[in-house]
Amino acid sequence: MTEINQPTEKENIVTMKSNWKKLGLALGAGILVLGGACALTSCGGGSSSGSSTPPVVIVPSDPNGENVYQPARQYIEATYQDSAKKRAALFQYAKVVEKALADSGDKQLSIQHAEEAGRASECLTYTLGDDVSAAHASYEMKKDLRSIILNTDERNKAYFAYNDQLGGEVFKGTPNSQIATTCDISPATLPN
Amino acid sequence: MKRIIGVMWMFLVWFVPQASAEGTFCRSETGTVVVFGNGIMNTKDDADSSKEVIERNLRSTLTPDEFSKLEFDLAYNESYDLMADLYESLKQRLGQDNVVVSFWRWLGGGDEVPDAVREELLKMATRFDFSTMVGDEDLANHIALYRTSILSGKKVIAVSHSQGNFFANAA
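Protein sequence lines correspond, in order, to chains A and B.
For the first sequence, counting from 1, position 100 maps to 89 in the numbering used here; every step adds exactly one.
For the second sequence, counting from 1, position 8 maps to 93 in the numbering used here; every step adds exactly one.
Don't take each hint at face value.
Facing chain B, from chain A, some residues (calculated, C-beta under 7 Å) [what the hints assert, rightly or not]:
{"id": "1", "residue": "Lys96"}
{"id": "2", "residue": "Arg135"}
{"id": "3", "residue": "Phe149"}
{"id": "4", "residue": "Gly157"}
{"id": "5", "residue": "Lys161"}
{"id": "6", "residue": "Gly162"}
If you're looking for bench data, these hints aren't it; they were derived computationally from the structure.
Computed from a prediction, not measured in an experiment: that's the story for all the values here.
Just so you know, even glycine gets a beta-carbon here, dropped at the ideal spot from N, CA and C.
Input sequences plus hints: build the corresponding full structure.
Right under this line is the structure:
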């Protein structure tokens, strides 16, 4: 358990640092420590100190990650800082899984989300390249992200229920000629 | 007798090429559907990935023209609560917090698998009856896919893993 939690926290810190840089809010180390301590001790209510220093929060920077489950968004941004294309494809996948968890009690919605998840997976693989290694890499990326998304007992149970709704269903793949359409955000429009 | 054989030979020589050319004798094929059937305890996400690996492998071995004639579909086979059963059993043995965080990493090979997980998997395997794992209702959609594809003039190739073979055979 600890082996999983520790890297995630480190990644969060990396994300925090990069965002501070981008926002131009690189405060001194001492202020950060004080701010962090303040947040930890819940003294940041703002009523008594009068300080305008906000509590330490992680502010993801990629707008394509809006409405993505926060731990997943932080993980994606920290892990794939160098690729907006990978982030966009993984955000798409994470959003679909989130919908699938929310609607796991409904068979028709589960099937619909499973179709969307299939497209998100195709998009991710398409984003990664044309060869077999892209499909393997896509699988690994989805698998790692899934362990972040399913981080509570309730979410795991919902994921099981979602999969159980899909037994016996048939899912059509996207023809290769239309594979680019599987991405909600075209990779061609992203910088890297 | 010779005359009869001669007439039949004339008929075959004349009719078969004509009919084949017009697509009336043999149904003209418009492509091939490659259907992947997943094994037990595969999530839909994992099955999607397996299908993509098959697709990419074929893409690398066929010509673009040959590859363009293929479609890739997934006939998803459920796991009949086995994954949820494993999850609950492990929670009892290892504690909820441990299992919630590590379950998918164990199954996916991201973390070393504890002995308890191996033991539970072994227990499940010994009491598992594959013969009861092909439900008529589940099979119906698969058969419909095969039938629709064949009736539209396509070949169907079923690629199955583990439990998927039972479904493919039953279909």
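So, going through the hints one by one against the coordinates:
For Lys96 of chain A, the shortest C-beta to C-beta distance to chain B is roughly 12 Å, which exceeds 7 Å, and the interface hint is violated. With a cut of 7 Å, the hint placing Arg135 of chain A at the interface with chain B holds, because the nearest CB-to-CB distance is about 5 Å. Hint on Phe149 of chain A holds. Least Cβ distance to chain B is approximately 4 Å, under the 7 Å limit. Because the smallest distance between the Cβ of Gly157 of chain A and any Cβ of chain B comes to about 3 Å, under 7 Å, the interface hint for this residue holds.
The restraint placing Lys161 of chain A at the interface with chain B holds, with a minimum CB-CB distance near 5 Å, inside the 7 Å limit. Nearest Cβ of chain B to the Cβ of Gly162 of chain A: about 4 Å, under the 7 Å cut. The hint holds.
Hint compliance for this structure: hint 1 is the single one not met.
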